[in-house]
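Visitor: Can you make the complete structure from the sequences, with help from the hints?
Residue 209 in my numbering sits at position 209 of the sequence shown; the count goes up by one each step and never skips.
Honestly, the hints are just simulated from the structure, not real lab data.
The structure presented is a predicted model; accordingly, all values stated were derived computationally and were not measured.
Ideal Cβ placement from N, Cα and C applies to all residues, glycine included.
Any given hint could turn out to be false.
Think about it this way: if two alpha-carbon atoms lie no more than 27 Å apart in a straight line, the pair counts; the simulated DSSO-like pairs of lysine-lysine are [unchecked claim]:
#1 K178 with K52
#2 K52 with K41
#3 K118 with K52
#4 K52 with K119
#5 K118 with K41
#6 K41 with K119
For each label pair, taking beta carbons as the anchor points, the in silico distance ranges come out as [what the hints assert, rightly or not]:
#7 R157 with P94: 20 to 26 Å
#8 K119 with R221: 37 to 43 Å
#9 A98 with P203: 19 to 25 Å
#10 F211 with S91: 35 to 41 Å
#11 P203 with S91: 23 to 29 Å
#12 S183 with R157: 21 to 27 Å
#13 L245 with R221: 35 to 41 Å
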Amino acid sequence: MKFALNLTFLGITSLSLLLLTNEAIDRSSSLQEPQQEVPKKLLFLTHAGLYKHTSLQPAEEAVASWGPSAGYELTTLQGYLQDQQALDLSSITPDYLAQFDGLMMMTNGNLPLEDSQKKALVDFVRDGGGFVGVHNASLTLYDYPEFGEMLGAYFRRTISQNHILVLAVEDPEHPATKMLGSSWPVMDEFYQFGTSAWHEDQPQENVDILFGNRIPLGFSRNRVRVLLSIDTEATDISGLEEIELGGDYPQSWVQEFGEGRSFYTSLGHRDDIWSNDPVFRAHLLGGIRWALGLEDGDATPFGR
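Guide: Right, dumping it as structure tokens:
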């Protein structure tokens, strides 16, 4: 009887050990194979109402190719293929935007949008969506100041694109700049932004010098957190009449906009920067991922 009891005990113990082992294996497998996150959905608009950059197609292709490894899925309306005089943005409605987590724009001009559509774009971000503005996006919707508030500024003039400028990294910990160190020498087309709103008493001031758009809102460091600005001391500014030594020339920034996040970079003019510049890619992807909520980063404004 005692022998039989021992066998029974051993049998129960062996069964228990087997069950515990299987459970441990199952738990280990679940730890080793985490659930794959559902990619964020990003809409990219490239409609050109003023000037059609040749970099629009490379931009769409690059951003689409980066998506699978960066945690997002891209939708594009291929706006750059549309005739500048017949842009179609009729699909932009609150219901259409609701399927996305983020909105990326590389557009320009007072796009053919009804006021309700312009409001839908801004409300999408204010209510929790992510916004990514690239290069000429700051030449968009001069006729709707709320858009400029969401983006952060309006374009006033260009800075020579055939010149290497050194960008000072003002926040080396943000996802869009943490790969850059303290500075970034880069060749591209850079912008100056309006610092005050246009006023009839000074009709020639605060107007974009390329197309004559009146700037409705001035840039302010009190609203945004500047990530990159031109380092006028480290840059050879000889021959650059647009830049003064000691001047303030922000080129990339972030802000919390309502419940959403807004990221802007002035870079992206050159075709090859989209395909051959891994540093630009890392900068932009960091901004995209931050705007989509895939990475954290401080957006608190700070002075110069």
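Visitor: Hint by hint, note whether the structure agrees.
Guide: Going down the list of hints, with the structure as the test:
{"no.": "1", "hint": "K178 with K52", "result": "violated, 32 Å"}
{"no.": "2", "hint": "K52 with K41", "result": "holds, 26 Å"}
{"no.": "3", "hint": "K118 with K52", "result": "holds, 21 Å"}
{"no.": "4", "hint": "K52 with K119", "result": "holds, 25 Å"}
{"no.": "5", "hint": "K118 with K41", "result": "holds, 20 Å"}
{"no.": "6", "hint": "K41 with K119", "result": "holds, 20 Å"}
{"no.": "7", "hint": "R157 with P94: 20 to 26 Å", "result": "violated, 35 Å"}
{"no.": "8", "hint": "K119 with R221: 37 to 43 Å", "result": "violated, 27 Å"}
{"no.": "9", "hint": "A98 with P203: 19 to 25 Å", "result": "violated, 41 Å"}
{"no.": "10", "hint": "F211 with S91: 35 to 41 Å", "result": "violated, 26 Å"}
{"no.": "11", "hint": "P203 with S91: 23 to 29 Å", "result": "violated, 37 Å"}
{"no.": "12", "hint": "S183 with R157: 21 to 27 Å", "result": "holds, 24 Å"}
{"no.": "13", "hint": "L245 with R221: 35 to 41 Å", "result": "violated, 19 Å"}
The structure is inconsistent with the numbered hints 1, 7, 8, 9, 10, 11, 13, although it conforms to all the rest.
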